[in-house]
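For the record, the sequence lines run as chains A and B. Take the first sequence: its position 229, counting from 1, is numbered 346 in the working numbering, and each next residue is one higher. Take the second sequence: its position 317, counting from 1, is numbered 434 in the working numbering, and each next residue is one higher.
Bear in mind the hints are in silico, worked out from the structure with no lab data behind them. Since we're looking at a predicted model, the values are computed, not measured. Where hints are given, some of them may not hold.
Calculated pairs, EDC-like style, for lysine to aspartate or glutamate (alpha carbon to alpha carbon, straight line, at most 20 Å) [to be verified]: (1) B:Lys141 - A:Asp122; (2) A:Lys141 - B:Asp122; (3) A:Lys455 - A:Glu443; (4) B:Lys270 - B:Glu189; (5) A:Lys148 - A:Glu200; (6) A:Lys455 - A:Asp417.
2 protein chains.
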Amino acid sequence: MYSFDYYNPTHISFGEGKITELDKLVPVTAKVLVLFGGNSARSTGTLDEVKAALGERNIVEFGGIEANPTYETLMQAVAIVKEENIDFLLAVGGGSVIDGTKFVAAAAVFAGDPWDILLSWGAKVTTAMPFGTVLTLPATGSEMNSASVITRKEFQAKLSFMSNHVFPQFSILDPTKTLTLPERQVSNGVVDAFIHITEQYLTFPVNAPVQDRFAEGLLQTLVELGPLALSQPDNVEVRANLMWVATMALSGVIGKGVPHDWATHMIGHELTALYDIDHARTIAMLLPGMLDIRRESKQDKLLQYGARVWGITQGTNDERIDATIEKTREFFETMKIKTRLSDYQLTKTHIDEIMIQLERHGMTALGEHQEVDLAMSRQILERNL
Amino acid sequence: MYSFDYYNPTHISFGEGKITELDKLVPVTAKVLVLFGGNSARSTGTLDEVKAALGERNIVEFGGIEANPTYETLMQAVAIVKEENIDFLLAVGGGSVIDGTKFVAAAAVFAGDPWDILLSWGAKVTTAMPFGTVLTLPATGSEMNSASVITRKEFQAKLSFMSNHVFPQFSILDPTKTLTLPERQVSNGVVDAFIHITEQYLTFPVNAPVQDRFAEGLLQTLVELGPLALSQPDNVEVRANLMWVATMALSGVIGKGVPHDWATHMIGHELTALYDIDHARTIAMLLPGMLDIRRESKQDKLLQYGARVWGITQGTNDERIDATIEKTREFFETMKIKTRLSDYQLTKTHIDEIMIQLERHGMTALGEHQEVDLAMSRQILERNL
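Just chain A, with the same shape it has in the complex:
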C-alpha cells in the first residue's frame, strides 16, 4: 500500500425525508443561491420541498446548469453571487449541478481569472464559499468529494480541478428522489459508478487488500442491483443501495493508497466535448477495449477482478481475461448502454478528430504507468469501433 492522506469532512444525511434537515444544516441567517439543472428539479417538486425546508431564509434561484456544466453558464452564477451578496450555495441535482456549484464556490471568491482554477487543477484555490447539496441523481460521487469537471464550450475543453476547499459541507441523499429519474439516467449512473471504481482498482497490485475488497464489494453490488433498478423502477431499497455505492465509489475509501488509471475518463471527456455524448456512455464504449489493449500490464488485477467479481477462475490467463472483459461489456449492455463507437455513429474519421483533441490537451501519457500515449489511445479507440 502506498502512503496516503485521507480527509473527507462532508456530512452525509441519508434517507427518506432528509430534505427537512436543511433547516438544521444551512445557517439561519444565510442568503442562499439554490443552483439546479433543467426543469426536473421544479417538475418533480424537489425544488419546492427544498424551499419549504429553508423556511424564512432569503433565497435566489439559479437554474439551467447543463449536463457537463459549462464555464460560460457558471460564470453567470458567479456574477449573481456577487451582485446579490450570496453567502451560501445549495446544489440541487446530480453530479453536473454539484460540480458546477463547486466551481462557483471557488470562483466567486477567487482573486484573479477564474479560468486559472481549472488550468491549475485547483492548486490555486485557497478558499471557497460554503455549500451543501441535495442529490437527485447518484452517479458521479461529487456529493462527497472535492473534485469537479467543467467544460469550456468556446475551447471544446473539459477540465477538472480538486481542492480541499470544495468539499460539500453536507450532502442530503434521499433515495426516493431518484425514483423519478428517466431510465437513461439510471443506466448512466450505474455504469458511471462502475467505471469510477475500475479506474481506482484495475491497475496493478500494491498489497492493499482493504481497498481491493471494498472496490470488489461495490462492483458486486452494482452487478447485482443495477439490472434490478431497471426491472423494478419503484424499488426504493435498490435505489438506496445504488446511491450509496455511487457515493462511496469516489469518496476516497477505495482510492487512497493505491495507483489510479483514469485513462478511460480522460479519453471519454474528449468524446463528450466533441459529440455531446453522455459521459457514462463514452466511458462504457472505451473500457472494454482499454482493458483488452492493456491486458498485459493490468494482468494481475484483471485476473483478480474476474475471479472475485465474476467468478471466472478457469482457463488460461488470456482466456480468463477475455471472459472477464466480455462479462464487463455484457453488464453495460444489460444496463442498456451500447459499448461500441459504431453504436454512436462514430467512425475512423471521428477517431482522427478525437486524436487531435487528445494531443491538443496534452493527453499523451495516461494511465497508472503513463503508458497510454497517443498511439495507444488510437489503438484503444479502434479496438472499440
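Fit chain B to the known structure of chain A by using the hints.
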C-alpha cells in the same frame, strides 16, 4: 438500509515517516500537552521523534495513561491543561491513550462535573479542545472516531461517551511504529478489530450490501493477515494493512445504516473492570458462546458470514453455524488468545460477581433486539466457561 448520518472529519496521514507532518498539522503557536501511556513511547524513540517534529513549540508531557484509562488519572491531565494554559492535545499511543485524550479534551472545557460527560454518554458535551493523535497500537479505531471508553476505578465502572466534538483533527498512522509491539498486543489488536466488525455486522439483514461487503472484506483481511503478523513480525506491509483494517473497522463506513449489537463489549467491559483482563481477551472469550446462544435471531447473518468469510456452504443451517462459530474460535486461538473463561481462571463464582455488576450498570437489555437480559447474559457466560 436504515437512514443515517455519516460524518467523520478526521484527517488521516498514513505511511512511514509521517510523524514529520506534525509540523504542518499542529498550529505553530500551540502550547501542546503530549499524552502517552507507559514507558514504550519513550523507549521506542517515538516520543523523541514527536518532539523533534514539533520543533520550537512549547510542550508539556503527561505520561502514565493506563490500558483502560482511568478517570482518576485523566483528571490530573485536565488539571495540568488548566494550570499550564494548554491549547492543543497530542495523544501518542494506542486506543487507551486516545480515548483518554478525548476525555481530557472534553473535560478541560466542560462546565460542571466532568463525570456527567460519561453519565450522559457524551450528550452534554458542547465543545472540546482540538487534538491530534500519533497511533502506535492499531486496535480500537479510536484514531478515527468520536467514541471513548473510560474506567472509574473507585466505582469499578467502565463507561463510554461519544460526541462529534471529539473527533481527532488528525491521526498519524505510521505502520513501522507497530513493529516494536509485544506479540500480546499484536494479538489483542487483531482480535479487537475483528469483534468491532462483528458487533456491527453479525446482527440481522437490513438489505445493506455495501456495509456487509465492506465488513466481510475487513474480516477476510484479518483472517488472512492476522496470523502473518505473528509469524512475520518484521513484515511492515502486513502491519500497514492490519492498521488500516482496525481504523476502518470503527470509522463509520461499515456501521452506518445497519443495526448494531455490542452485547459482547458491554459484558466484556465488566470482566476488564472486575479482573483487569485485556479488553480483547474478554471479548474473545465471550463471542463464541454469544453467537451460539443467539444463533436463532442471528441466523441469516451467521450463515452469510460463514459462507463469505469462511467458505462454509455445506450442511444444515445448524451445522453451518456450528462450523462458523468453531472457525471463529479457532481463529482467536491461532492468534494466541484463549477463548474460555476457565482459561483465565474464571469460574461460576466469578459469573455471579459479573452478574451483580451487569445489573448494577443497567445492562439488562443488550444487543440489536435488546433481548440479552440478565438471564441470557448468564447463559452466555456459562456457555463460555
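Ascending list of hint numbers which this structure does not respect: 6
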